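Chains as they are written, first to last, in my numbering: chain G, 76 to 398; chain S, 76 to 398.
In case anyone wonders, no lab produced these hints; they're calculated from the structure. Treat the hints with care, since some could be wrong.
Computed cross-link-like contacts, BS3-like style, restricted to lysine-lysine with a CA-CA straight-line distance of at most 27 Å [to be verified]:
1) S:Lys194 - S:Lys350
2) S:Lys136 - G:Lys134
3) G:Lys136 - S:Lys326
4) S:Lys350 - G:Lys134
5) S:Lys134 - G:Lys326
Just a sample of chain S residues kept apart from chain G, beta carbon distances all over 12 Å, derived [unchecked claim]:
6) Ala130
7) Glu152
8) Pro333
9) Ser355
Please read these numbers as outputs of a predicted model, since none were measured by experiment. The C-beta atom is built at its ideal place from N, Cα and C for all residues, glycine as well.
2 protein chains.
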Amino acid sequence: MKHLLLTVVTAASLAVPALAKDAAEIPSPGEIAAAAPAKDWVAIAPSDLLVMQLAPDTKGKARRVVIQLMPAPFSQEWIANIRKLAAAHWWDGTSVNRVQDNYVAQWGDPHGEEAAKAKPLPTGLTVVSEDAYTAPAITSAIRVIHARPGSKAMQLLQQRRGDAYAEFTGFIAGWPTAYDTERQWPLHCYGAVGVGRNMSPDTGSGAELYAVIGHAPRHLDRNIALVGRVISGIEHLSSLPRGTEALGFYKEEAERVPITSIRIATELPSAEQPKFEYLSTESDSFVRYADARANRRDPFFIRPAGGADICNVPVPVRAILAK
Amino acid sequence: MKHLLLTVVTAASLAVPALAKDAAEIPSPGEIAAAAPAKDWVAIAPSDLLVMQLAPDTKGKARRVVIQLMPAPFSQEWIANIRKLAAAHWWDGTSVNRVQDNYVAQWGDPHGEEAAKAKPLPTGLTVVSEDAYTAPAITSAIRVIHARPGSKAMQLLQQRRGDAYAEFTGFIAGWPTAYDTERQWPLHCYGAVGVGRNMSPDTGSGAELYAVIGHAPRHLDRNIALVGRVISGIEHLSSLPRGTEALGFYKEEAERVPITSIRIATELPSAEQPKFEYLSTESDSFVRYADARANRRDPFFIRPAGGADICNVPVPVRAILAK
């Protein structure tokens, strides 16, 4: 047997898009994205990138995880806290303390629960209200600009079959979101980064963060703050050994993965600043991409699904290569 | 910050169910399953378990993956092939050759593509038709027994919001499935095990298998054969280093993870046979569990979702402890 899902996988791994061998072949989603014109790609500001450097792996290989922070109107108070924590170099010397299979990898102060040993937080962090798990619904005028509700892509994802968790879903400025007539909110898709918290009404400061490394735990939407998504290096979290304690916490201190530093990219030397761009979710290329994700017609497939879960339509993100 | 999602995670990890501290507390899904009476649990026949022993990890720790094979009417011709391959000890000495992040881990003959080096398959394997990716829809009389279509659990998962990929979804004899008026089929949820294939009309023999280790790739439903699910040890696949070649294939032979053996459990010495049971999807306990997955009311949550993606309602499976 050969490479299972040849075309499927090409679609998912934009880093190495395969070109259609025959012009008559129907392109895969990955090929559509790779062929999108430069104008359809949007550069991500380095000031919106959080760069986490983990200690090198057992073979001495560097491990860098790049997180894109969310734009307004989502979670901006937690994100302001995160910027303060990064500026204070607060995470340096902390660790990844928990990896639970098909769920999350979580990092922060391993002694956060022990008052006597906990690392003091910087001053000036905001205590955020639970109301901020969602944002006011955007007006229809703004929605036209941001989400093109009448677009084919939106229709495909909001078809009669719908979404199990929300009345409407769609992409806003590059992010998968859900909304109803009053509120809108970001989604717990694979790679989403959120803010650990205690029981309500605690909402977390942003010092304790997690990344989704399994099937989208959408039941957490609107119950916990999302602040970003991993756009590079998620394998350094998702392939870590699973913790054997309850909730996937590591049992031994030696199991924890040391965090060397977490910085906003603009604080790094220019040559080390990561440069990424995403496929504009308002572009025609994205409409075609989303359509192809929902209706695979490329050669491997014999039966298009006729729809797609919004978390199964990952927004294409790629490194901007030096010219 | 404390343990993010304390109760959520308890729900997901049935191995260590937390008991509600206060009788007045609303139980989590995991607590509901853990409290289910013995009569609601169904033992899995050892003859339906495929036991994969990987080479020990770098610390010398054993790695065992247990796969439950699907019941009729799903994929039985491929499963017959798999039983023949296991009986022939065909997989012994093969390897895990591909691990692609948020997608699949795949194993079999690393030289399967090179005619001169490929390991010969046992004789007598069936070439299966693409029609067998789905099965005839069960009659309403049978469905009443198997899936309780009028049950609360079914309604919860088939509510107005629906499923992005299929007209109807529900649980049949312990398995997440979808169906329409003519056909029914199994789903690519986390942990699902499928049969690698080449381009249509090839359907794969069963010698090349993969397990889903990321967000459910439901676009593969009805396009490829599913034969089972990992019920224990998936972390030995999901936490493997990701391959760096296209499609997540390992570049170097040394990166491949050797498979010591794959056996149907009944071929193992009695003391080594794994014993598992699943929560009957026809039980009242499961109805309550599915309801709680779709509407989290336990203390961590402030807002129940009002629905759940069927792949986010994993059927509880647990080891049967010796008495």
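Unsatisfied constraints (hint numbers, rising): 1 and 4
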